[in-house]
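Asks: Next come the chains, spelled out residue by residue.
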Amino acid sequence: MIPYLAVIGDSFRAAYASRVLWIAFVAIWILLAALAPIGFRQEYTTDFRSQDFYNGTRLKAMLAQGTVDESLVDQPLGRIASALPEELSRQLRRVGEGDEVRIFYRVFADALNACLDDESWYSKEAWSDTLQFRELRELDALEGPLEESIRRRRARLRIEAALPGVFEARSSQSIRLRYAGNDFPARFATDKSQFLTLVNQYVLPVIIQWLMGFVLVFLGILVTASMIPEMLQPGSLHLLLSKPVSRSLLLISKFFGGCTFVLLCVTQLVVGLFFIAWLRLDIWNPRLLWCIPVSVFLFAVFYSVSTLAGLIWRSSILAIGITCIFGSLCLVVGVIGGLFDSFVTRPDGVRNLQLAGQTLIGSTRGGGLSYWDEQEKVWSEIVEGNPLGMDRIIPPVALNESTVFTARIRGGRFNPFGSGASDLLVMKSESNWVGEPSLRLPTSTTDIFLSGDQLFALNAGELSAASVEEVLAEVSERSEVEEATDEGTNQLGENDENGQGSGAKGWLQKLSTMMGGVTEGFSTVLPKNIALTPPRSLIVDPEGSYLVLYTRGRLIRFVPSNDADKLWSIESEKLVEGEVAKKSWLAISGDVILLVREDLPILAFDSKTLESRASLDMPDKLSPLLLEGMPNGRGFLFVASDGLVRRIQIKEGENDLQLLQPFGPDEIECILVDHKSDQAYIVHNVDRIDTYDLTEMKLMKRRSPSLSSWRFLDAYVISPLRFIVPQTGELGETIEAIISGESAKTILDGPDAGEIVRYQLLRPITSCAMFILVMLITSCYYFSTRDF
Amino acid sequence: MMVSQAEVMSDSRDDNEECPVVDIGRLEKRYSGWSIFGRKPIDALRGVDLQAGGGDVFGLLGPNGAGKTTLIKVLLGVVKPTSGTAKLFGKPVESVEARRRVGYLPESLRIDRHHTARSALHYYGRLSGMETQVIKRRTDELLDIVGLGNRDRESVSRFSKGMYQRLGLAQALMHDPDLLILDEPTDGLDPVGRNEVRRVIETLRDQGKTIFLNSHILQEVEMVCTRVAILSKGKIRGIGTVRELSQRLASEIVVFELGVPEELDGTDLMQRAASQLKVEKDHLTWRPIAAGVIDFTASLPGRDQLDQMVDLLRAEGVSILRLEKKQPSLEELFMQLVDDSAGDNAEEQP
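First to last, the sequence lines map onto chains A and B.
Throughout, this note's numbering is defined as the position within the first sequence, counted from one, plus 88.
Throughout, this note's numbering is defined as the position within the second sequence, counted from one, plus 23.
By construction, these hints were calculated from the structure, which means they are not laboratory data.
Each residue gets a CB set at the ideal place from its N, CA and C atoms; glycine is no exception.
It cannot be assumed that every hint is accurate.
[What the hints assert, rightly or not] Listed next, with one range per pair, are the computed distances between beta-carbon atoms:
#1 B:ASN173 <-> A:GLY323: 18 to 28 Å
#2 B:SER183 <-> A:ASP875: 30 to 40 Å
#3 B:GLU303 <-> A:GLY323: 36 to 46 Å
#4 A:LEU337 <-> B:GLY88: 29 to 39 Å
[To be verified] Pulled a few chain B residues facing chain A out of the computed Cβ check, cut under 7 Å:
#5 VAL101
#6 VAL102
#7 VAL119
#8 TYR127
#9 PRO129
#10 LEU132
#11 ASP135
#12 HIS137
#13 ARG141
#14 LEU150
#15 SER151
#16 GLY152
Using the sequences plus the hints, can you model the full thing?
Replies: Here is the structure:
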């Protein structure tokens, strides 16, 4: 090994002698010096910002109501409205009178922030009936003069309590970035752990990807492209080959030696970032150091091309040129692959599945709705999906084998409110599942559930219910009206006049609808002091005997009451420790309710008393994606960010959760558990369905749809091409995964919450490693067999 | 010198004690050439046979394009022969064991600019598998031998051509090889430097090393080489000591000092001799050395022609003042052998 180590060592010396290396060093030192003064401090989250408003329409409507409704003068809503600036009050008054007035979020934010300084609007009696968050109760209990920041925090919580369903759940602590001892003007309304996640998952990977993925790789190729052609000069090569060394190993040593340039630069940059993150941002993240080998690995992909080109043409200019062309090819293939993912494969992904008798109906990511045609072995479209469309399909629910409810929210893909209220669609098998409009759904409905003889609609701030009978009756009524008027132009799910009726219904109904309140035929289900702002999760008993809600750290079981207002009452409640802003999943199996939250232990509760039963730590680097309860208390099906499905069981007679080994297919999209047949329908790899018998956990049936022409092209041309051409761009995801220590990330893809997307770890590494191997073997063969 | 290396190799040396250091048999090398008119292969070596033993200082001579560089590349394992055998120390030239005992000085040595003389020697020593301590000791010795002792820490980018050659010689000697292949070792050196290199070669020869010397400077080869091979158009035209080669030559060189009558000059005499003795005019030269006295040199194929030449001179009334048979110089041998190969042109394009 001595000769080959000598070659690598000589490359280090050559690199150190390079002026370009020292220029790169100086540039890195300047960058690190510029980043070094960055710091942060934590403070209470007090001021409102535009992003804090989850339901701006509801805010406008509530404040308008507080402004104009005399009966609310001594209520929190009226007191806050009275404290608002005169100009805003005038605008809200116009809203209350039925005018369309556009008010910017920042105007609301400024007005509410002004309220934080002067709490004259507060009255203990008025607020006694509002939702009391735990933090607010603790702050209310404090006596004596409070620090300014704590006082403002308390004022904010009081405003949030007075305006339920309006604000996003935010951490109590915010991060304020500092530079050289001075505060940045902007605040991050996240606590420290979220801030660290943000830095680890987005900031550091972006810096490293850009600097290493582009700048250093390109610079490295410029510097090292001449190494192989120079080695091939007669006076140099013949001397080297006269030594007792193997040609192949000599070339490989030179190859690794060439990587030293990037290694030296990357090491300085990553180690510098590591120390800045540690000493200035209090982020101890040794995983950051893994970016050094990954970055060198990325460079090695391009350098392997440069090496072969240098060997064949013996020209550094040609080597650089060929490498640049190769880089462009990688980019083009990556972009084409990304386009196919975005516009071909991903929109076809089945996001929700429903079983109506023997018919499987699925809603897709592209806003489409299809049913499985067993004879043709294809998904037949009911509502055509559109990758660029902005519509959202409410996950369908099946009433019986011939009737399914769903809705199409126009413009609701990223905005929970869409372009207004939408009609509930009733799809019947006899009309080939074509939907017919029924009752108008409350604004911003995200999910519907069937419970007993009622249909529940969950929206931004309310859970409302309508009787199934009325829903079906409305369909018939509308059909008759349509036939009578011979209009027939009211297409499925479309709104009329922004979802509102004529002005005859009056402004109060309008306000109610704007607030996301109930629409005709629906009635409120939950008491008014229950906040339903995301993140939240809900399970509804199909028999209609209870529902369980998790929101803002509270797990609550509701049961129907016989009161005149028909509101469901709280039967039991449990406060759950942990960050309230984390996304959550609830499922029930037998007498156990399972609560799964991001980065927090899995918790099991008794389904009636909500007493804690067991807990289980979330496996490392896994984030939850899906949770479904199995029939007869057999446990739960849990899909994690690795795309695999596992069973979670409670050991018989013990309060101990057990996470079993994954089973079934990978790349899980969604799961439907059919309690009647005791079967699970697992949708995987976009739109394939595997049916498992849950009693024996055995595969019963596999459904693979025949591919459309675009999907065929993707499967047999684009995907192989993406495997052959190393996906260097996807190595960026590898860096993200390494730095964050996670196997998935959350991206914005829906009104309720972001969608968790798995990092592509294996594909880019395998693809790049195979490519390097092939290039090196080719180079070694050429170098060993060629006369020089 | 190179104790550890030598010890390591002792077994293999014993095994191959009887083998020639360099053993080339019927070696052929054909380069595949391409042009827009199709394939145009070039025969660089055409059946070369050559052996060199321990202690030989073997001179390889030949005009440009004769195949010398190809032959050296084959010996170094850089170029693979088309057919035939090439062995060093009884082992195929491409084997690592064979190359471990070879030191090579290329014609135009390139050493990376980041090196000093000392670091370059360390690098090449490591490439030869030497231990650091041995390299250090060897470096000190060799830098003194080649006259770079006081400039050992200077960047080679400041070195002159001659200093490069000295450094190249040092690196070739670094691992104390048994066979040294020196390609134009004195190129760029001043006379003092050349003399030093000659002394190094002689010292190595005395140590029993085999030296394979490729040089255009025939006098130098003549001075240091014990054996010579003259290569032309891919074939060995002559091989052996300079004496052996000259004895094998068809012609003898005879120098006459002649007293010439006034009516006869050297040119007339040369024309008559050429026509009567049927000798090429190129093989006859003359020059005046005094009034009525000329120096007349003739390259004659045999004793009969010498007798006929004497008879002719006497018949023309020329007095033979002196007659001397002369040993041909290497240059004369070289020229003659190369000229004799001119007729092989037709074979060059198979």
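Asks: Hint by hint, say whether it matches the structure.
Replies: Hint check:
no.: 1; hint: B:ASN173 <-> A:GLY323: 18 to 28 Å; result: 25 Å, holds
no.: 2; hint: B:SER183 <-> A:ASP875: 30 to 40 Å; result: 32 Å, holds
no.: 3; hint: B:GLU303 <-> A:GLY323: 36 to 46 Å; result: 42 Å, holds
no.: 4; hint: A:LEU337 <-> B:GLY88: 29 to 39 Å; result: 34 Å, holds
no.: 5; hint: VAL101; result: 5 Å, holds
no.: 6; hint: VAL102; result: 5 Å, holds
no.: 7; hint: VAL119; result: 4 Å, holds
no.: 8; hint: TYR127; result: 4 Å, holds
no.: 9; hint: PRO129; result: 5 Å, holds
no.: 10; hint: LEU132; result: 5 Å, holds
no.: 11; hint: ASP135; result: 6 Å, holds
no.: 12; hint: HIS137; result: 3 Å, holds
no.: 13; hint: ARG141; result: 12 Å, violated
no.: 14; hint: LEU150; result: 4 Å, holds
no.: 15; hint: SER151; result: 6 Å, holds
no.: 16; hint: GLY152; result: 5 Å, holds
Consistency with the previously given hints fails for number 13 only.
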